[in-house]
Amino acid sequence: MAVPVEDPNKEAFLERVRGALGRSTPIMVTPDHPTLKTTLPRHEEKVRTTKARTEARRPQNVARLETIATAAAWHVHRAADAEVAANIVAEIAATIHAKAVVRTAEDIFKRVDIDSTLRKRGVSPTVLASGRARRKTDLKDIAFKADLGVSGVEYAIAETGSCALFQRKGNARITTLAPPVLALVVEESQVLETLDDFFAIVRFQFLTNRGRLPNYYNFISGPSRTADIEQTLTIGVHGPGEVHMILVADA
Amino acid sequence: MPEVKTSRFKSESVKALANDNIQRALGAPFAHFVDGRKSAIETDYTEESWDSMRDRAAATKAHTIERLDYYLDLVDKNVRRNGGHVHFANDAAHANQIVLDIARQNEVKTVIKSKSMVSEEMGINDVLEKNGIEPVETDLGEYIIQLAKETPFHLIAPAVHKTKGQVSDLFEKFLDSAPTDDIEKLCIIARDVLRDNFTKADMGISGANFIVAETGTVVLVTNEGNGRMTTSAPRIHVAISGMEKLLPSIEDVGLFLRLLPRSATGQRITSYNSFISGPRAGTDEDGPEEFHLILVDNGRLNLLKDETLREALSCIRCGACLNHCPVYRKVGGHAYGWVYPGPIGAIVSPMLTGLKEGKDLPYASTLCGSCRDVCPVKIDLPKLLLDLRHKVVKSGASTMPERLGIGQWHNAMKTRKKLEGKVRLGRLLQGLIARKGIIKRLPLPVVSGWTKSRDFPALAPRSFAEIWRDELSGGDRS
Numbered sequence: 029m030a031v032p033v034e035d036p037n038k039e040a041f042l043e044r045v046r047g048a049l050g051r052s053t054p055i056m057v058t059p060d061h062p063t064l065k066t067t068l069p070r071h072e073e074k075v076r077t078t079k080a081r082t083e084a085r086r087p088q089n090v091a092r093l094e095t096i097a098t099a100a101a102w103h104v105h106r107a108a109d110a111e112v113a114a115n116i117v118a119e120i121a122a123t124i125h126a127k128a129v130v131r132t133a134e135d136i137f138k139r140v141d142i143d144s145t146l147r148k149r150g151v152s153p154t155v156l157a158s159g160r161a162r163r164k165t166d167l168k169d170i171a172f173k174a175d176l177g178v179s180g181v182e183y184a185i186a187e188t189g190s191c192a193l194f195q196r197k198g199n200a201r202i203t204t205l206a207p208p209v210l211a212l213v214v215e216e217s218q219v220l221e222t223l224d225d226f227f228a229i230v231r232f233q234f235l236t237n238r239g240r241l242p243n244y245y246n247f248i249s250g251p252s253r254t255a256d257i258e259q260t261l262t263i264g265v266h267g268p269g270e271v272h273m274i275l276v277a278d279a
Numbered sequence: 021m022p023e024v025k026t027s028r029f030k031s032e033s034v035k036a037l038a039n040d041n042i043q044r045a046l047g048a049p050f051a052h053f054v055d056g057r058k059s060a061i062e063t064d065y066t067e068e069s070w071d072s073m074r075d076r077a078a079a080t081k082a083h084t085i086e087r088l089d090y091y092l093d094l095v096d097k098n099v100r101r102n103g104g105h106v107h108f109a110n111d112a113a114h115a116n117q118i119v120l121d122i123a124r125q126n127e128v129k130t131v132i133k134s135k136s137m138v139s140e141e142m143g144i145n146d147v148l149e150k151n152g153i154e155p156v157e158t159d160l161g162e163y164i165i166q167l168a169k170e171t172p173f174h175l176i177a178p179a180v181h182k183t184k185g186q187v188s189d190l191f192e193k194f195l196d197s198a199p200t201d202d203i204e205k206l207c208i209i210a211r212d213v214l215r216d217n218f219t220k221a222d223m224g225i226s227g228a229n230f231i232v233a234e235t236g237t238v239v240l241v242t243n244e245g246n247g248r249m250t251t252s253a254p255r256i257h258v259a260i261s262g263m264e265k266l267l268p269s270i271e272d273v274g275l276f277l278r279l280l281p282r283s284a285t286g287q288r289i290t291s292y293n294s295f296i297s298g299p300r301a302g303t304d305e306d307g308p309e310e311f312h313l314i315l316v317d318n319g320r321l322n323l324l325k326d327e328t329l330r331e332a333l334s335c336i337r338c339g340a341c342l343n344h345c346p347v348y349r350k351v352g353g354h355a356y357g358w359v360y361p362g363p364i365g366a367i368v369s370p371m372l373t374g375l376k377e378g379k380d381l382p383y384a385s386t387l388c389g390s391c392r393d394v395c396p397v398k399i400d401l402p403k404l405l406l407d408l409r410h411k412v413v414k415s416g417a418s419t420m421p422e423r424l425g426i427g428q429w430h431n432a433m434k435t436r437k438k439l440e441g442k443v444r445l446g447r448l449l450q451g452l453i454a455r456k457g458i459i460k461r462l463p464l465p466v467v468s469g470w471t472k473s474r475d476f477p478a479l480a481p482r483s484f485a486e487i488w489r490d491e492l493s494g495g496d497r498s
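Protein chains in written order, with the numbering used here: chain F, 29 to 279; chain G, 21 to 498.
Hints in this document: simulated from the structure, not taken from any laboratory. Certain hints may be false.
Claimed, not checked - Here are the simulated lysine-lysine pairs, DSS-like style, with alpha carbons at most 27 Å apart:
id : chain 1 : residue 1 : chain 2 : residue 2
1  : G       : K376      : G       : K325
2  : G       : K398      : F       : K65
3  : G       : K205      : F       : K173
4  : F       : K65       : G       : K97
5  : G       : K30       : G       : K169
6  : F       : K127      : G       : K205
7  : G       : K414      : G       : K376
Unchecked claim - Derived DEER-like restraints, expressed as beta-carbon distance ranges:
id : chain 1 : residue 1 : chain 2 : residue 2 : range
8  : G       : A417      : F       : R51       : 27 to 37 Å
9  : F       : E83       : G       : T303      : 27 to 37 Å
10 : F       : G50       : G       : D189      : 30 to 40 Å
11 : G       : D40       : F       : E83       : 40 to 50 Å
12 : G       : A38       : F       : P59       : 50 to 60 Å
Claimed, not checked - Just a sample of chain G residues kept apart from chain F, beta carbon distances all over 12 Å, derived:
id : residue
13 : I61
14 : E244
15 : P308
Note that the Cβ used here is the ideal one computed from N, Cα and C, for glycine as well.
Sequences and hints are given; from them, build the entire structure.
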C-alpha cells in the first residue's frame, strides 16, 4: 500500500506551533523522555524480565485477574483442561438458549474444540472469517443476529481484568461486539500482570517488527455499560451485556 | 462553530439556579462521581501512589506540549506509514471542510459519531445536516442531547441534567416509542435505533482520548461499546482531535489509563479501549478501509503561546474539576455558554473563543482549590484562573465601579496609618446602618448584593491593634 501523501498545510501548521513555543527550528533529535529514549537492547532486556516475572508469578496473576474481573461483572470460569473449557462454552450457550453462535478462527479453537461440543447440543457455530462468510456486510449481518460470540484473546491483564484482542486474519472484531453474550477463552499463559507489561510487549513488537502489530487492537474489560440516564448504571447498551471469561489451565 | 454565549454567564446562571431539574441533577448524581473517584483512588491501586502518578502524568504532558511540533510531525509520519491519512486543521471551519470533503468523495449519506468534544467545537452536526448528510450520535447521552438540540451539560455525562421522564418524552416525540419510566427500556429503545444506523452508516466519526506519536495510535476510552462500533462498522473512520492530545510512546498509555477512568467515573478501567493506528490491513476480516486523523488547532495556539496558560492544554477531559467545583455544582454546564464548562472550561472557553465575551468566566470560581487537588495531571487551575482575571483587567474589560473600589482598597491598605484612618471613618459611617454589631443591608451599588442572603459583620468598636496598644502590650512600646 502506498503511503498517503502529506497534508500541504502541515509545514505551515507546525511552523505556527513552533512559533507559539518560541522556537524557530525543528527538534532534530529524539527528545529525552523515559519511555521513548531507550535503546532496543535495553528494551529487549526489559521485556525479557517482564516475561520471566509473568511466568514466575502466574498463579498469583491468574488469581488477581479472577478477582478483579469478577468485581467488574465478568463471569469467570476456571477450566482444568481444554475439554472442560469447551463444555463451559456449550453450557453458556445452553443457558441462554442460543440458536446462533459466532466465533473467530483463532488457534485456540484447535485446542478447545467448541464446534463439536456445541454441535452435540444442536448448535452449529459460524466462523466469521473470509472464505466462510464472504463479504464484510455478511459478517455484520450474521454477527448482529447471533446470540453468542466466542473468541480467544491475545493477552489478559490481571491489573484491570481486561482481555486484549488483536485484529488479524480469522479474527473479525464484530464477533466480540455485536452478540448480546460474549465468551472469551483465555489460556493461563496469556495472563499478564499489569497494563505496563502489556504496553512494553506491544512496543517491543512495534520496534522489532512493526508489521506484526495490527492497526487495531482493543481491550474488553467488562460488559457494555452506561449511566447516561440519571446516573443509573445500565448493562448492555451497544456491546454484550453478559461477558464470560473462561480461564484454561496450561496443557 | 456553535454560538458562543460565554457573555451570558451571569444571566444563564440565574436561570439555572431557578431550574429544579438542573438543581436536582447537580445533587445526587454528582455525589456519585465524587464518592466513586474517592473510593477508587483510596482502595485500589497500590503499586504507585496516586500523587506520584499525577506527577509523572503532568511531567509527560508538559514534556509533550513543549515539543508539540516534534510530536505532531512524528504522529503524522507514523499514521501515514500505517496507511492512514493525517490532516492539520487551522480552525473549526477548516476541520468541517475536511470532513465534508472526505464525505463527498465517498458519497456518504449517514455518519455515526462517538463522543468527541472537538466535534462540538466545530458544530459538525449542523454542517453535515446542511449538506444533506445525516449525523447520528451513538453515545447514549450525546444521542439524547442531539434529539433535544442541546449542548453537553458535562464533559463525560452530557445528558446528566435530563430526567428519565424527559428522555422518554424525547424518544416518544422523535422515535415513536411508548412512554416508559424504566431506564433499561429507554436504553434498549436507543440501542435498537442506533443499531440500524451502525449497519447503514458509511462513515464513523470519533474523538481521541490520547494519540500516541511513536506508533501513530489513537486511543479511545468508552463504556457503551459505541466507540468500537463507530470505528469498526462503517467503511470510513475519521478521528478528530485537538492537536494537544499527544503522548510520546505507547508505554505512556498505561499511566493515563489508570488516571482517567478513576478520575472520571471512579472505574478501574472502562469497559472498552480501542487502539487504532490505521485502516484495516489486507488480510483483516473487518474494520474501515479508510482512516483519517484530523488534528485541530481552533484557538489552541492562544493557550500554547502563553507560558502560564499553556498548562491548560494538559487536560485529559475527565470532568473531575467540574464534579468538585462549588460553582459548577450550582450553575451546571450550560451557563458557561460554550463547549467546555467548569473550572477547565472557564479557562479554555475564553481563550478559544475570545476573552472579551468570556470575561466573566474566570470569576466563576471561589478559588477553593478543589479542582487543582483532584486534577489527574495537576493543572494549577486556581493559578490559571487568577492569571486570566489579571488579563481581563489588563485588557480594560473591568467595570468602572470595580476599578474605583479596588483603587480605594489598594490605597487604604498601603500603610497602617491609612488603614486605621479608613477604619475610623467606616466606624463613623456604619453608625447609620449597623444594629447590634450587624449590618443587614449595605446601601451601596454592587456590594448591596452581598447582603441579600447574609448579614455583614459591623466593624468592632475597637480593633485588635488598638486593644493591643492600649491594654495588652504592657505599655512597653519600644
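We went through each hint and held it up to the structure:
no.	hint	result
1	G/K376 - G/K325	18 Å, holds
2	G/K398 - F/K65	24 Å, holds
3	G/K205 - F/K173	20 Å, holds
4	F/K65 - G/K97	18 Å, holds
5	G/K30 - G/K169	22 Å, holds
6	F/K127 - G/K205	24 Å, holds
7	G/K414 - G/K376	11 Å, holds
8	G/A417 - F/R51: 27 to 37 Å	31 Å, holds
9	F/E83 - G/T303: 27 to 37 Å	31 Å, holds
10	F/G50 - G/D189: 30 to 40 Å	53 Å, violated
11	G/D40 - F/E83: 40 to 50 Å	59 Å, violated
12	G/A38 - F/P59: 50 to 60 Å	52 Å, holds
13	I61	15 Å, holds
14	E244	4 Å, violated
15	P308	9 Å, violated
This entry does not satisfy hints 10, 11, 14, 15, going by the numbered hints stated previously.
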